[in-house]
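K.L.:
Sequence:
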Amino acid sequence: MPDGTTPPGDGAAPGGPTAGDADGTGPERLLLLAGSDPADLGRMLARPDEELLAHDDAADPPLGGACRLAIVAPTPRRLALARQVVATGVGWRGADDVWFSPSPLLLGPAGAGPAGGPGGRGGLAFLFCGLEHSFTPRVDDVAHHFGLPSPELGGTDALGGFGLAGLAVNWLLDEALRRLGVVPDVVAGHSIGEWNAMLSTGMVRAEAFGGLLPLFRPDVVEVPGVVFAALGAAAADVGPLLAGLGDVVVSHDNSPGQSVVCGPREQVETAVRRARAVGRPATELSFRSGFHSPHLAPHLAPFRGAVDGLPLHPPSVPVWSATTVAPYPADADAVRGLVLRHLVEPVRFRPLVEALHDAGARVFVQVGVGSVARFVTETLAERDHAVVVSNATVRPGLDQLRRVCAALWAEGAAPRTDLLPQPASPLTAPPAPGPRSTPSRPEAEAGTGRPAITVSSVDPPPPAPAPARAEHVTRRTLSARELPEVLDHCFYRQPPGWPDLSDRFPVVPMTAVLELMLDQARELVPGQVVRAVTDVRMYRWLVVEPPVEVTLTGRLLGPTEVRVELRGHARCTVHLEPAPAGLADEPGPAARARPGAAVERLPDEELVTVRPADLYGGGWLFHGPGYQGLAALWAISPRGARGELVCPPARGGLLDSVGQLFGYWAMEYLPDDGLLLPLAVGRIAFHGPAPAPGERVSCLVRVVDVARRTVTADITVRDPDGTPRITIEGWADRRFGGDADLLALMLQPERKALGAPGPRGVVTVHDRWTDPASRELAVRHYLDAADRAAMAARTPRDGQAFLLARMAAKDAVRHWLWRNGAGDVWGIEIALGLNAGGTNAGGTDTDWTTTGWTGTGDAARAAVDAEPRGPEVRESEVRESEVRESGTAVVRLPERFAHLAAPTVAYAATPALAAATIVAAGLGQAGHDRRMLAGLVRAAPRALSTSG
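Numbering of the sequence shown is given in this note's numbering, commencing with residue 4 and proceeding in unit increments.
Keep in mind that the hints were calculated from the coordinates and are not lab data. Treat each hint with caution, since some may be false.
Under the rule of at most 20 angstroms between Cα atoms (straight-line distance), these lysine to aspartate or glutamate pairs were calculated in the EDC-like manner [to be verified]: (1) Lys755 with Asp744; (2) Lys755 with Asp708; (3) Lys755 with Asp742; (4) Lys755 with Glu732; (5) Lys755 with Asp787.
Taking the hints into account, I'd like the entire structure generated from these sequences.
P.N.:
Written out as structure tokens, the structure reads:
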């Protein structure tokens, strides 16, 4: 029964949650245009926006037309998108609630009739969902509108409860679709969904099916000792994983990328370990039923008794079996036998979908909440098809049904959109056509009694562009108050309640900087939409705490081309086009790709077991909720990665999430210098409006070059139906130096340290950075704003020694605290030195003995003395010119360690091969004789290697 996965998307038409029309009130309007070809639709779309926006076709959809366009809740932005996609002549299925089919899949040649093989239609298939881990249907409004009973969704904590709730939701949606005139030509189901298929066609009547409900009791459906596991491999490829595990069988052949196995727990756990060992994702599932496997056979008696007495009737349309991959037989006894086989034999869903397509099915409606749509898309990746989802978690049920109707109408169906809720008040009719106008669709509009959209026999001239200035300059102050989303884009984790935001390093992501520059271009050339961005370059991080004054300059290079610079930080060239017009030139290769034509895969890819929640929760990605856009990691290979993104709410969140997927690839395949941050992008092409928050898209990262300092990739972002939404060429990330110790510090700054403890607690820190930019990634783990100002006031060499000395001193204190049983201790919260009053922070008369001579400061060493006298630093073994930073200080501990006496710390920083002696008194247990500890400070070889 389980399908073992959460789908890459809920199948909702992108565009984000909506509860009404584009103006936010009342039911959504439908704009439906039918023409003879794309040029015909283009002429219809050439009418002014106000005419098109006033039109609503829901009450009386057009008929006929060999080329169709549907828009839910039309807006100027969606009209601009529609003009663009119609101009390409390439189908567009659902992105931003626009559907365009130049050759509807449910119509024959030139709209002659329904598709399908000889002797039968077979064009539209209903696929009913089985069980799903994530089950959050939105159907109450559907039940209320159609006067149907609302499903009882309680009790889904057990397998039986899941099954009953899923059956009820599937039945409700099937009934609602049929009332809307959406009637399938063929039906099938995934696992328990096959029973819904029999109910849908009348093969089994609802009143008779009630006799099967007791079979869903947990004591009936759960087989003890048997478990399921989902494996990230096709059923044909799992043989080696099951070798020697005689009781483990394949129970579900879901898609080319997933199968489910069933067997005794110990053997299934072995299969899971084997799969993970070869890089395949593998997860044990919570269900214990043993369904679709021989393990249920000893428990089949209750089912056999119920099925033997089940009245059967001829189905209204063919019901296909996922057991035999063929229609159910006509003989009643053969049907009963197949129902029992269905319980103990594998679900062959992948071959079923292929067979349905071979039989003529082209449009598949997922009925219910589940992963069926994803399985279909993966299975038919290379074949022409469309997938529509009947219920989505991101919007009310009626709103999603409106999108189902729009999608099916665009493919040639005739749904009853007039039965959906309509706008409360009548719409203003478009202006009457002029004397030279002729109807574009007389067969569709004749006798309807409603205004028709007309086109002039002479195309109207495009609107005159607004006068453009040659240059536009904006000066503004950016801060965390103005850009609160940057609070979710801080590089450093600091102690809870840490007062200084600057220590967290709130930086505006490259993608949000890009949004600022796009806004600047739009202000210079109003009334235009961004089609592409080229030559993106990042010079310096844009940190907004403390607030920063910035200057944005937009300079017009041509009628639709603007050069934008965020002075000192970034630049790009923005390419725009008039919002009311179609594409001004030939679309690129991505735009010409047929939607849904393929699920792109990578050479030698392996499915991923890591969850995005693990990356965010474990600190591998520093992003807060506003920028957490990784929804699923699907596959990875030496050449790239692919996964699913959900558009976050923060400015630039979607493209930042693209960068996060790129960064995850680096974590897996770049052992050295694997921290990536954006540096440049060659070209970003937008093939439609920006996805709305909550919208799901797929993302493919293809790595095209790995150099010593940079990594470059080409990236494609697609809608759930495969339509390209964004294509990126030449995204180059800068590689920042880091080793295992620095990575550990970034993940757990409260538990890890760069300073390595040696004998008697002497701690050594080495210069491990390949460049100052990489070093900056560690600075705020140790230095607060005052320390950073002191470091900045020094020469680069002296600043390096200053940093290393304080790292060593603070880590010496942290290791001392950890030896004394302390828990979390951040480097930044250890205070050293004199307070504002000029007295030592520990309250004694001890002075700093800091020297600042020439040298490079390649290493530092420090030790803690827990006794009052304090340690001292001697330089007798080195030349004075070699010691760059040395001193003693009393430590001011965080308040939670007030029960400990404030220790003192001695430290010294020296260049390569130089030595200093740190003499620390009283480093042993209390009461022991004083001992003298000599620590030779030497620079170790750099920990990082570079790769080219």
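K.L.:
Need the status of pair Lys755, Asp742: alpha-carbon distance at most 20 angstroms?
P.N.:
Measuring from Cα to Cα gives roughly 13 angstroms; hence the hint holds.
K.L.:
Take the C-alpha atoms of Lys755 and Asp744, compute the straight-line distance between them, and say whether it is at most 20 angstroms.
P.N.:
Cα-Cα ~8 angstroms, so holds.
K.L.:
Hey, Lys755 versus Glu732, does the alpha-carbon distance stay inside 20 angstroms?
P.N.:
Violated: Lys755 and Glu732 sit about 38 angstroms apart, past 20 angstroms.
K.L.:
Please work out if Lys755 and Asp708 have their alpha carbons no farther apart than 20 angstroms.
P.N.:
33 angstroms, violated
K.L.:
Next pair to validate is Lys755 with Asp787; report whether the Cα-Cα distance is within 20 angstroms.
P.N.:
Judged against 20 angstroms, a Cα distance of about 18 angstroms means the pair holds.
When the structure is compared with the earlier hints, violations turn up for hints 2 and 4 and for no others.
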